[in-house]
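Throughout, the numbering used here is defined as the position within the first sequence, counted from one, plus 20.
Hints are supplied without guarantee of correctness; some may be wrong.
As the list claims (entries may be wrong) - The list that follows gives simulated cross-link-like pairs (lysine-lysine, BS3-like), each with its CA atoms no further than 25 Å apart: (1) Lys405 / Lys363; (2) Lys217 / Lys195; (3) Lys183 / Lys208; (4) Lys173 / Lys145; (5) Lys389 / Lys405; (6) Lys383 / Lys405; (7) Lys145 / Lys73; (8) Lys409 / Lys368; (9) Lys54 / Lys267; (10) Lys274 / Lys236; (11) Lys183 / Lys138; (12) Lys383 / Lys368; (13) Lys431 / Lys364; (14) Lys208 / Lys195; (15) Lys138 / Lys179; (16) Lys198 / Lys312; (17) Lys383 / Lys342; (18) Lys183 / Lys236; (19) Lys50 / Lys267; (20) Lys198 / Lys274; (21) Lys236 / Lys217; (22) Lys385 / Lys363.
As the list claims (entries may be wrong) - Cβ pair distances, simulated, as ranges: (23) Met362 / Lys385: 12 to 22 Å; (24) Thr377 / Gly316: 53 to 63 Å; (25) Lys385 / Leu266: 45 to 55 Å; (26) Lys274 / Gly369: 48 to 58 Å; (27) Leu413 / Thr26: 31 to 41 Å; (28) Leu266 / Thr377: 54 to 64 Å; (29) Ile239 / Ile216: 17 to 27 Å.
I should point out that these hints are in silico values taken from the structure, not numbers from a laboratory. Ideal Cβ placement from N, Cα and C applies to all residues, glycine included.
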Amino acid sequence: MEKLRTVRGVHDLLPDILHKQNLVINEGLKISEKYCYQQIETPIFEFAEVFTKPLGKTSDIVTKENYIFKDRSEDELMLRPEGTSGVVRAFLNAGLTQDIPKRYSYYGPMFRYERPQKGRLRQFKQFGIECIGINNSMADVEVISLGHAFLEKLNILDKINLKINTLGDSETRLKYRKALVDYLNDYKSELSNESIKRLSENPLRILDSKNETDKKILINAPNIIDYLNEVSQERFEKVCSGLSALKIKYQIDKNLVRGLDYYCHTAFEFITSDLGSQGTVLAGGRYDGLAKMLGGVDTAGVGWAAGVDRLSLMINEEFANKPDLVLMAVSENLEPLLMPIMKKLVDKGLKVEILITGNMSKKFKRANKVDASYAIILGEEELSKNIIKLKNLIIGSERLITLDEAIKVIKNL
RNA sequence: GCAGCUGUAGCUCAGUUGGUUAGAGCGCCUGGUUGUGGACCAGGAGGUCGUCUGUUCAAGUCAGACCAGCUGUACCA
Numbered sequence: 021m022e023k024l025r026t027v028r029g030v031h032d033l034l035p036d037i038l039h040k041q042n043l044v045i046n047e048g049l050k051i052s053e054k055y056c057y058q059q060i061e062t063p064i065f066e067f068a069e070v071f072t073k074p075l076g077k078t079s080d081i082v083t084k085e086n087y088i089f090k091d092r093s094e095d096e097l098m099l100r101p102e103g104t105s106g107v108v109r110a111f112l113n114a115g116l117t118q119d120i121p122k123r124y125s126y127y128g129p130m131f132r133y134e135r136p137q138k139g140r141l142r143q144f145k146q147f148g149i150e151c152i153g154i155n156n157s158m159a160d161v162e163v164i165s166l167g168h169a170f171l172e173k174l175n176i177l178d179k180i181n182l183k184i185n186t187l188g189d190s191e192t193r194l195k196y197r198k199a200l201v202d203y204l205n206d207y208k209s210e211l212s213n214e215s216i217k218r219l220s221e222n223p224l225r226i227l228d229s230k231n232e233t234d235k236k237i238l239i240n241a242p243n244i245i246d247y248l249n250e251v252s253q254e255r256f257e258k259v260c261s262g263l264s265a266l267k268i269k270y271q272i273d274k275n276l277v278r279g280l281d282y283y284c285h286t287a288f289e290f291i292t293s294d295l296g297s298q299g300t301v302l303a304g305g306r307y308d309g310l311a312k313m314l315g316g317v318d319t320a321g322v323g324w325a326a327g328v329d330r331l332s333l334m335i336n337e338e339f340a341n342k343p344d345l346v347l348m349a350v351s352e353n354l355e356p357l358l359m360p361i362m363k364k365l366v367d368k369g370l371k372v373e374i375l376i377t378g379n380m381s382k383k384f385k386r387a388n389k390v391d392a393s394y395a396i397i398l399g400e401e402e403l404s405k406n407i408i409k410l411k412n413l414i415i416g417s418e419r420l421i422t423l424d425e426a427i428k429v430i431k432n433l
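Assemble the whole structure, with the sequences as input and the hints as a guide.
Structure (structure tokens):
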């Protein structure tokens, strides 16, 4: 096919789907504003290091899913695969490390070179929030609570489960990592190829394996909960009891690992079974090490990102941008008089579609198609008396009245 | 990335063991109605059958490659 088309996994968002996505984003913005999160926007591409450093050299995003390119000045740039790194980078660049805490919300397109499917695109939209500069575990609870409230506003909470886990602090993870590797080394010959590779590179991610043999081996693997030092242990308990106090239901999933290196302590995912294998709809965690990885001052942070495309697939909203009325003239020479009328109607807050193609029959057919309730018709007869004809398209009745009267009738509907 | 399924009109789909000019419903356009819609009637436009290569006297139909979508898996939002 030599026709022009979009790149694989990159879709046009026609009005009906974009409208749904905007609803999702608007709910996100509204609820985050209530929690005093302020909207921020960062560039959709950055120096590649902004992502490669914090995400970790072994993450899929960096190794095979990236959109990296060089610009004309040979700078290595990368289309952003996620939002957090850019937001934290912006926070550091603005010199705000003394001005904490900061609560940010953002939305926009992200890019990952993946195998496209329903709910998985190469250009997709995320809405996310970041709470920067608070080490207190109550920030974790706040952030999860906000995510929960967001999904509640979208009216899809009943289709979603929350899973949480803790990755502990760096001391914990070092100890646990060693224990896990020791355990898994005994089964090295039975593990999947992917997991064998990870054993040396990023063993924690083996916990996430969906391979059946791997899963069996993992049943008796050491549990990170047993390796938590006192600080990490206490944190996790506080987060759990904080959620319970909010009556937010959750399941602890000890195999929940975030794919990105910068996470520590709390990790969580809101998961649905409605979207096939793309179950994760909102996910995040704590990323205390991120600011330092970017070369900035060590700053705590916790946040999440939600998949707007996925969420919009879950909400039932009919998109009807139907006009309050249609406006037409009976002959072409009267059409110039319609624009001032339209201006007045719009100024009064009405949604108007002006009909300037076809004969009267066509115009009424169009009015029908766009599901307008009223038609305002201007003809020679009406013009001479300085009135218009108002037709109620639902019951079919017509009245000759002034424009001001017509506006009142339409608005009283 | 790996595996499977699918691709015929704007949409949903039919198309027999390969055989004239590829069909239906819906939608669209024109007219029946020169100031009036939904229903109805009549007519019409719209397809290089995803693309390319091959097999054959003959390909929408068979084969291969590629492209795209979907499903699962990996991974992730």
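Checked hints:
no., hint, in the structure
1, Lys405 / Lys363, "holds (21 Å)"
2, Lys217 / Lys195, "holds (20 Å)"
3, Lys183 / Lys208, "violated (29 Å)"
4, Lys173 / Lys145, "holds (19 Å)"
5, Lys389 / Lys405, "violated (31 Å)"
6, Lys383 / Lys405, "holds (23 Å)"
7, Lys145 / Lys73, "holds (23 Å)"
8, Lys409 / Lys368, "holds (18 Å)"
9, Lys54 / Lys267, "holds (20 Å)"
10, Lys274 / Lys236, "holds (14 Å)"
11, Lys183 / Lys138, "holds (23 Å)"
12, Lys383 / Lys368, "holds (23 Å)"
13, Lys431 / Lys364, "holds (13 Å)"
14, Lys208 / Lys195, "holds (20 Å)"
15, Lys138 / Lys179, "holds (18 Å)"
16, Lys198 / Lys312, "holds (24 Å)"
17, Lys383 / Lys342, "holds (15 Å)"
18, Lys183 / Lys236, "holds (21 Å)"
19, Lys50 / Lys267, "holds (22 Å)"
20, Lys198 / Lys274, "holds (17 Å)"
21, Lys236 / Lys217, "holds (18 Å)"
22, Lys385 / Lys363, "holds (23 Å)"
23, Met362 / Lys385: 12 to 22 Å, "holds (20 Å)"
24, Thr377 / Gly316: 53 to 63 Å, "holds (59 Å)"
25, Lys385 / Leu266: 45 to 55 Å, "holds (54 Å)"
26, Lys274 / Gly369: 48 to 58 Å, "holds (56 Å)"
27, Leu413 / Thr26: 31 to 41 Å, "holds (38 Å)"
28, Leu266 / Thr377: 54 to 64 Å, "holds (56 Å)"
29, Ile239 / Ile216: 17 to 27 Å, "holds (19 Å)"
Checked against the numbered hints above, the structure violates hints 3 and 5; every other hint is satisfied.
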